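Both chains come to you apart, so use the hints to assemble them.
Line order of the protein sequences matches chains P and F. So for the first sequence, the working numbering puts the first residue at 1; every next one is plus one. So for the second sequence, the working numbering puts the first residue at 1; every next one is plus one.
Rather than coming from a laboratory, the hints here were simulated on the basis of the structure.
From chain P, some residues computed to sit far from chain F (all C-beta separations above 10 Å):
| no. | residue |
| --- | --- |
| 1 | F20 |
| 2 | P32 |
| 3 | T438 |
| 4 | R689 |
| 5 | Q893 |
In silico contact screen, one side only, chain P against chain F (beta carbon under 7 Å); selected entries:
| no. | residue |
| --- | --- |
| 6 | D236 |
| 7 | W239 |
| 8 | P278 |
| 9 | L282 |
| 10 | F286 |
Given the structure is predicted, the values throughout are model-derived calculations rather than measurements. Beta carbons are placed, not taken as given, at the ideal position from N, Cα and C, and that holds for glycine.
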Amino acid sequence: MTFSLGQLAFLVLGYLIVLFMTAYSVERDWIPRRWVRHPVVYVLSLGVYASAWAFYGSVGLASQYGYGFLAYYLGISGAFVMSPILLRPILHITRVYQLSSLADLLAFRYRSRWAGITASLFMLAVVIPMLTLQITAIGDTLYLLNNEWPVENLALAYCIGMIVFAILFGARHVSPREKHEGLVFAIAFESLVKLVAILVLCGVVLFGIFPEVGGLESWLIENQEQLARQQVRLQDGPWRTLLLVFFAAAVAMPHMFHMAFTENTNPNALRQASWGFPLFLLIMSFSVPPILWAGYYLDVDTDPSYFAIGIGLHTESAFLTLLVFMGGLAAASGIIIVTTLSTAAMFLNHLVLPVYKPAPRYNFYRWLLWMRRSLIAVILLMAYGFYRIVGADLDLSQLGILGFVACSQFLPGVLGLLYWPQSNRKGFLIGIILGTVTWVYSLLLPFCELALGWEVPFYLPQTDESNWHLAAIAAITINFLMFVIISLITKQTPEEEAAADACSIDTVSRPSRQPLIANNSNEIISSLSAPLGRYVAEREVYQALTDIELPSYEERPFALRRLRTRLEANLSGLMGPTVAHDLVTRYLPYQENVELTDDLYQIEERLEGHHSRLSGLASELDNLRRYHRQTLERLPMGVCSLAPDGEVLMWNMVMSDLTTTAPRDVTGSHITRLPAPWGPMLSEFLNSRAMHQHKHRVDTGGRPRWFGLHKAVMEPSGGQPGGTVILMEDQTDNQLLEEELIHNERLASIGRLAAGVAHEIGNPITGIDCLAQGIRYETDNPELLEMADQIQEQTKRVTRIVQSLMNFSHAGHHTAEHEPVDVTYCIDEAMQLLRLSKHSQDINFVNDCPKELYTQGDAQRLVQVFVNLLGNARDASEPGSSIWVQGEEDEQQIRIKVIDDGHGIPPETLDHIFDPFFTTKEVGKGTGLGLSLVYSIIEEHYGHIVFDSPLASGRGTCVTVSLPRGIDAEITYGNN
Amino acid sequence: MYDYRLSLLMLVGIFLISPVMMDWWLDDRAAWYRPFGIWAFLIALYIWFNSKQRDNDDV
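Only chain F is shown next, with the shape it has when bound in the complex (with noise of 0.2 Å):
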């Protein structure tokens, strides 16, 4: 089965500490686009951490 509880939890958890985390983006000595680029690295994360699992796609 899913461990869908725990990734929910950890969803609550982002969304709780989000703000924490926006105030680390808008860094005043930052660049304006660092907000993006910590994105582009997380969807880069993202996919990387995809690749590694199995393929189970029985929709």
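Just chain P, same shape as in the assembly (with noise of 0.2 Å):
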């Protein structure tokens, strides 16, 4: 059975438009984004492992190895459930510096524009012979499926496809920083693909091609050679070393480090995929041994490695025939596309553009677009000329063997960067320099000897399928021992240190509070415009800024640093960690001899986001940090504290309170950079040598607070220079109290003065009353009747002031015992005074109140204050107006409001009407101590009172004077 080049190019080009649909489907957000980010596509997404030697390969390997073909899923599952110590530190690392491949990776922590490139370099030794094998394998299905064309021009076509779909997938955005969720859910409908056509070619093998269920089993029993085949004693040597490398192949493959790291846009999918994936690769491998025995059984003339599709072809199964050349077509297109893309990003950041960048007038995004998808075409290029020179005569598992031990010289280098602080870049280098040859001697070079009678001048190990793993773990224990002699022998660069801290995965790395020399952010951006242009320097500050959470513009050092770290990982994400390293050095250098201090702020951050990994000591340790922290936060004082060089460190919830600044507006600026008055104040203070000062007065608000200033200065210790810490304390209150107790005192000393006044007055004014009234009995003289008079009517006035300053000074200290009194009886009795008066003759006086309103006092000094009341109310009403007093009660207290549709009082007369002397009337008309002498009173009764004024109508003043209720059994005043 043949299938037509059409038919089979309509199925292909079939197949990746639906494949390219699915992606662009979830670009345009027509599927759901809960369902793109589910852990299961992320788990399926992961299944690009499960390439076209899974799919094809696997069946080769069990018919030599037997079940030691369960290494290749094994070995990976291992790094999956190790994921917790293994996977998710290195997600970390990739997401929070903007990793984007396995080179960048290394380049950042040996800090090496060398460990890139060597990386990169010995990359192209892992993906060619992986993409040649799935070149292979869809040329040598597309081969089986049509004879016509010869194999290499269907492989050709191939390469060209995958090209613009590699392209069209993931190269079509021009930032290849974002994430291509369309990418991730695409090769998850591969996986998909793969998954569903061998169970269904399993299924039909067990149920459809043995002639009954259960008939493989039969069949085995008739044919024990062939179980004992499959359950050959794999050496110990291969087994482990298959283990090994396909372990490694969960970080150092760069389709698995691009699928598990750079796309993932939901961490917590690590979790669901440290038994999700295992769980797809078990159920993938499970297919393997029925489809090997059914190829036997049907005695199908294919090499064991395509028994899968010859299946179909030997039952004459067109469905079945090309269900699983769709499965094998997705499994290789879906690591073909995966593998260029990272691997075009890996070269770009580390072969391109450390030797050439473009002028800053090209636009830098577009520059770096075409790039990107020019070496994608130039990767499989050299795949499909590998393919033409050695691939077509190596088979699938020599193929596979190459490129997953070159892949394993990795592992060093990753296990280093996690859990060896210590190493450093030279014996990164060197081991992997020297694992790599021993790669190429001993497994490269023979096996192309055996394949292809290659003659080399020297001699060569005799390498092949039964020996190979000597010189796989040859090369990896080479490269293990270089690298762990070199680095114990040779020192760090204090950059590595920081790289290596920021990469282990137990310890926190500590940033210094370095001052950048640009001042604000528009100065980064004058900077950066220099070799990235005006219009991409905008952007990416703009991006880092909003990435941190800060405003567009920042001028504060501790921002600045923020900025520039976050500066850094995004352009790494960009153009590499080894470019983006040297730019941010040159162009955004940090000021020069200045002493570096640890960045506490940033450590603490960093310490609270691996709160929760923490146990043991270190876990009991940061509770102890962060109980000591809530302890400063909730002190009930301004807590501020500050760095030797003015820094603000920290800006306790008081100092919040007191300042209205929030602390994330604070922490990191200068002192001197504060807002006032906060700024000014704190740095004065800061800079003087009184270690505490009381009662310093702000001005906030348009009033005045006052506060207290402690401050501490902190010594050096521990490596740290120490620095200050101000408490601040508000002390308005306590200076409102002491001046309100001076102005009682100064009332006091006034009341005190007017009696002796008013007593030392009394006496002579009523000896020159008495003598007037004598000359009025003496004379009958009119005018000397008439000066009498005057002098009478001026001695009457003399005695009423006299009086009221005699009332006054007895207010404060009257001793007159409170009894029951009705107040509406006080307020008429007060009315019917003031009716008596020529002023009263036109204003109209309404008592609303109930007819028994009880309280305890003194019923004569009531009158007064009611007289006082009202007697102010008719000076401020029109003539014919009418005054009202209102009273309700309830269970505590009653209330009489007494109010008018007077002129009202100002505002500025509001604050001092209770002052003694304090009068607006014409001079002789009013004394100035009514008023004071109502609150006297009232206070003397435990009430309070209060003017509201101008009522709501602009107009009028309401009295509210509140007195304890009392009780109405037995009156003593009004019950009559």
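See the structure below:
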């Protein structure tokens, strides 16, 4: 059974278009985001690991090594089971520092351009055999289905198709930093296709090809040699080597790194993947033995590697054949797309950008995009070239062994970056170079010699499929030993040390507070415009500020340091860590000759991030740190911690309340840059010699406030240069209370003076009054009588003033006993008294109080209160207007409101109405003691008085007098 | 901190004794699918163990 070229082209193109539409529909948000980010999608996308080698090659491997083929699945499953200590830390580092490939990770950790270049070049040795394997598998299967065209042409057509689709999938966006959710979903879809294809084939084998249910077991019993072949004891060496190289594939294979870390949109999905991915591999591998035995049972005339497709051809089932072909196509195209994308980014970052960058006038993003596309094409054409020269003569298992053993050379470097902070770039470089040389000499060249009959002018070890594991172990061991030995005898650079801290899983990096030369974010944009161009520099700086949730303009030293770190990470995602680091170091330099101290705020932030991962003593210490932190935060005093250079390191909650300035707006700022009046006040105090300052007056919001300031200088210790802690307490209430006490004391003095003056003046005045009276009786002279009347009138006036002074002076210490009083009656009496005055003739007094409104007090003094209040109301009212008195009561107190419709009291006057001798009346008409007296009497009765003026109408005044509610049982005043 | 040293030691141990384990898997009298059954059991055990741990995914 064969298929026409047109049919196959239609099938391949149709499948790739469906795949593209799947990715496109995700990008257009036609598929719900929660589906796209579901852990199942992540697990299936990791299924890119099951390439054509898993789909076809595993059967061949099983025919050769029996159950040894399981190493391919179990090795990487082991890596995923260990994900909390292996994959999760790598995911964390790649996300924080925007590292998109293994070469990025190694260049970042070992702070070496050569580490990136070596890793990228060596990655070529991994990628080319792997891509060649896929091309070989698809070329061979296409040839099995259609033997009209030469297999090389079929493979070339497939390669060209894959170049187009790889560009469409992963190199359509301007910024390669973005996650390709469409790609992830499409790869997950591919995994589903191959899973369905292999399960259907397995089902057909188990229930269709063998004559009955359980037929496979019966056949195996009859053909014990087949079972024995499958159960052949794999030698320890190859088995362990296979486990090791497939374990390494989880982090070292570019397609696995890309899907597991670079394209990860949901970090928590890794937890599900730690068992979900091994489960996926279990299902894939379960089908391998039945397919192998079915191939033998049917006597399929293909290589065991292609039994899967051979079964369909043998049984003349077009559906099964094409389904399996689709599965193989999905397996191969997935790895090709992801590998080329990942490798192109790696080459761009480590081989192209360090050598050449476009001039700033070009659109950098567009240049990156086209360079990436070109590299995708170059890598795939190189793989096709390798296929034409070597690949076609090597079988799938040989290609796979070459690729996977090569990738295991990265294992020492990766384990070192996670678990050995002392490892260094020299150890890594020498280790991987010698390991690679060993790999070439003991594995690649012997395989080529074996397959192609090459002859080399020097001795080559006789490596073949029976002893390849020795060559592999030799290469890894030499790499590992050199890595350890060189790292032990050489030293790290300070930069490398910092990167090691950032990568190691049991250390927290200690960033320093080195200030930048640039003073604000605009200067950073200007500096970066030189290499990147204005447009790219602005975009990157604003993006970085958004990422770290800072405003678009920043000048705080702390914020600028964070911005620099973020910029380096973002640029690393764009052009690799080496170029990004060089660029940031050159264009955003730190100030020199500055004492370096730890950035405590950032260290704390990172400790918070690691909090849930801590255990044992570290966890206890962290809990202690949090307790002390909380103590300072909740301290009922403002606490502000300053670095020696005046940078604010801590700003607690009370400080935030006192200054209405949030910690995130202040932390990291220099003390002098704080908003007024706090900045000047604190910096002045910081620079003064005084350790304490009491009642420092500050005017905020138009009102004075008083603060007490205390400071403590911290001595340098534990590598820290010390600093200053400032405590700030609000003393405004105390200050106001003191002022009130002084005021009261002054009033008391006035009262005592008034009493003395009144007493001294009273007697002579009485004498004058008597003498004037005498004159009236002694003469009939009208002029003298008139004069005597005037003298008497003036003496009455003086007497009135003296009486007021006497009353006022006695108000504070009135000793009359309080008795139940009917307040309504008091108000009536006050009204009666006022009506006697000629000034009150035109005023209508209305008493709306309930009939019985009782309090405890002195009735005469309460009458005095209402006479004063009603008198003031009368004086403020127009002739003919009314004054109302309303009353109400509750369980605790009674309230009397005196309401007039007069001109009201101006706001500036309201603050002084109770001051003695303060009056707005004309000279001679008021003493300024009336309301002072009222206030004193009300206080004496344990009540309070409130003025509300002007009222809502814009005129009038309402005076509310509140008094304790009295008992009405024994009314002594007002019950008649 | 992670008890990663212990975990790594365990991994190396499993790596070294894995051929012995494979011998047991491939016992002549066993069904051909026994390795897959054991594998599935280990995954189930891992899921159960994983569900007991506190959720501290703060990558």
